[in-house]
Amino acid sequence: MAAKTITLNLKIWRQAGAGASGRFEAYRLERLDTDMSFPEMLDVLNERLTLEGREPVAFDHDCREGICGMCGAVVDGIAHGPAKETTLCQLHLRHFQDGQTLTIEPFRAKAFPVVKDLVVDRSALDRVIQAGGFISVNTGSAPDANGIPVPQHKAEQAMDAAACIGCGACIASCPNAAAMLFVGAKISQLALLPQGELEREQRALAMVQAMDREGFGNCTNQRECEAVCPKGISIRNIARLNREFLRAAFIGEPLK
Amino acid sequence: MSWFTRTASSSLGKKYIMALTGLLLGGFLVVHAAGNTTIFFGRSVFLFYASHLHALGIAVAVAEVLLLALFLTHAITGLLLFVENRRARTSRYAVCSSAGGRTWGSATMPYTGMIILAFLFLHLVNFRFIDHGVTIADIVAAVLARPLYTVLYGAGLGALTLHVSHGFWSLFQSAGISHPKYDRFIRISAWLVCGLIITVFAAILLLLLVNSNQLS
Numbered sequence: 001m002a003a004k005t006i007t008l009n010l011k012i013w014r015q016a017g018a019g020a021s022g023r024f025e026a027y028r029l030e031r032l033d034t035d036m037s038f039p040e041m042l043d044v045l046n047e048r049l050t051l052e053g054r055e056p057v058a059f060d061h062d063c064r065e066g067i068c069g070m071c072g073a074v075v076d077g078i079a080h081g082p083a084k085e086t087t088l089c090q091l092h093l094r095h096f097q098d099g100q101t102l103t104i105e106p107f108r109a110k111a112f113p114v115v116k117d118l119v120v121d122r123s124a125l126d127r128v129i130q131a132g133g134f135i136s137v138n139t140g141s142a143p144d145a146n147g148i149p150v151p152q153h154k155a156e157q158a159m160d161a162a163a164c165i166g167c168g169a170c171i172a173s174c175p176n177a178a179a180m181l182f183v184g185a186k187i188s189q190l191a192l193l194p195q196g197e198l199e200r201e202q203r204a205l206a207m208v209q210a211m212d213r214e215g216f217g218n219c220t221n222q223r224e225c226e227a228v229c230p231k232g233i234s235i236r237n238i239a240r241l242n243r244e245f246l247r248a249a250f251i252g253e254p255l256k
Numbered sequence: 257m258s259w260f261t262r263t264a265s266s267s268l269g270k271k272y273i274m275a276l277t278g279l280l281l282g283g284f285l286v287v288h289a290a291g292n293t294t295i296f297f298g299r300s301v302f303l304f305y306a307s308h309l310h311a312l313g314i315a316v317a318v319a320e321v322l323l324l325a326l327f328l329t330h331a332i333t334g335l336l337l338f339v340e341n342r343r344a345r346t347s348r349y350a351v352c353s354s355a356g357g358r359t360w361g362s363a364t365m366p367y368t369g370m371i372i373l374a375f376l377f378l379h380l381v382n383f384r385f386i387d388h389g390v391t392i393a394d395i396v397a398a399v400l401a402r403p404l405y406t407v408l409y410g411a412g413l414g415a416l417t418l419h420v421s422h423g424f425w426s427l428f429q430s431a432g433i434s435h436p437k438y439d440r441f442i443r444i445s446a447w448l449v450c451g452l453i454i455t456v457f458a459a460i461l462l463l464l465l466v467n468s469n470q471l472s
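If you're matching them up, the sequences are chains C and U in order. Using the working numbering, the letters of the first sequence map in sequence onto residues 1 to 256. Using the working numbering, the letters of the second sequence map in sequence onto residues 257 to 472.
Next comes chain C alone, as it looks inside the complex (with noise of 0.2 Å):
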């Protein structure tokens, strides 16, 4: 098959540090070939902007497999892109016209502070996993395999909710900027096993208050988070969360 190339417009948020103000910067691409992912696309760029030795344009990307969460950016408003549960590095070019215009922006949230250029901050989501995203054992030999019975469509569950990269999109793309897609996620993994049973009540106390310290929104149910999401991570996790929460508010110890 022969390859097919496109010329592509992009205009990407150029931000020099974390207190600088940003502003768009205009670059044309051609001859693009389309088997190329997005992160390949920027790869081109930047070595140009390089050779004319210019600042390349910074942005996080690792496995390029869609994995390990690591890249995202929103384009044209949506973030990682057009395509449905797929990661920035999936997204190939073919679904881009010839001649189009692409706005890239990193993703916004106050929680998410801008690094350089499409970098941001995520570090917010680590700190939420370390106030409860666990389960405390003591560590020994490999447990045998089916030591603990898990019913099937439980096991299920936990693997959907497991599937959450961290990648941050359900924040950036959330209107009022809420994490509860996330800690939904990452509470519903572990509440739906038994291993997670012992821990569930301090879990979703200390995990929610770190969520909320860490400065973002409230969710008002506007399902953008699950539209966006690479690992097609359900609603139903955070109305998990919901339950979780209220019964360890009502039932729980409270927090030290």
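To be clear, the hints were calculated from the coordinates, so they are not data collected in a lab. Misleading hints may appear alongside valid ones.
[Claimed, not checked] Ranges between beta-carbon positions, derived for each pair:
{"no.": "1", "chain 1": "C", "residue 1": "Q130", "chain 2": "U", "residue 2": "F260", "range": "22 to 28 Å"}
{"no.": "2", "chain 1": "C", "residue 1": "I251", "chain 2": "U", "residue 2": "G451", "range": "35 to 41 Å"}
{"no.": "3", "chain 1": "C", "residue 1": "V44", "chain 2": "U", "residue 2": "R443", "range": "42 to 48 Å"}
[Claimed, not checked] Subject to a maximum C-alpha distance of 27 Å in a straight line, what follows is the list of computed DSS-like cross-link-like pairs (lysine-lysine):
{"no.": "4", "chain 1": "C", "residue 1": "K110", "chain 2": "U", "residue 2": "K270"}
{"no.": "5", "chain 1": "C", "residue 1": "K84", "chain 2": "U", "residue 2": "K437"}
{"no.": "6", "chain 1": "U", "residue 1": "K437", "chain 2": "C", "residue 2": "K154"}
{"no.": "7", "chain 1": "C", "residue 1": "K256", "chain 2": "U", "residue 2": "K437"}
{"no.": "8", "chain 1": "U", "residue 1": "K270", "chain 2": "C", "residue 2": "K11"}
{"no.": "9", "chain 1": "C", "residue 1": "K84", "chain 2": "C", "residue 2": "K154"}
{"no.": "10", "chain 1": "C", "residue 1": "K84", "chain 2": "C", "residue 2": "K110"}
We put the CB at the ideal spot given by N, CA and C, even for glycine.
Since the structure of chain C is already known, use the hints to place chain U on it.
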């Protein structure tokens, strides 16, 4: 802080407050619409309903205070959430588009809420804080015979439609009530109740505009 105030002031706590007060206000709306259907049967039925309602005496006063508390809690918590949510995104996107989750109702909740609040003042001035020397039937007929009020009440109704079209479903999600077994049922029931209430109110508006003898 006690566990209760800590829960109530958390992000999820405020959602529960919105859901609970929203549910109770929705219940009031259903009763209000049901009571108003007596207008369809003419002056005597409407006045019969009004006199029996006021015969409840102290219960009406208590209900009014509770309603005021509900409205205030819902509106104040809602405004607080609106401000907090705006603060959670300090820099705006240059391009704003929906990935398909938002509806007209969900995207406009704070704004329709404020319109409803303004409408409530008008509504109370028209029918509650007024000289009750004449019967309520005459007051209603006089106000809603004027096209200006049909337009104002229509706008209030429009905002209410958008608001409850999202709210009736949203309150279940906020309370954590979501399951494949009954998600569809909740979604459809929410639309039906919303449609039914709005139809009743809209029909009354139009009826009193075109037929000035409905309540005489």
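Which of the listed hints are not met by the structure? 7 and 8
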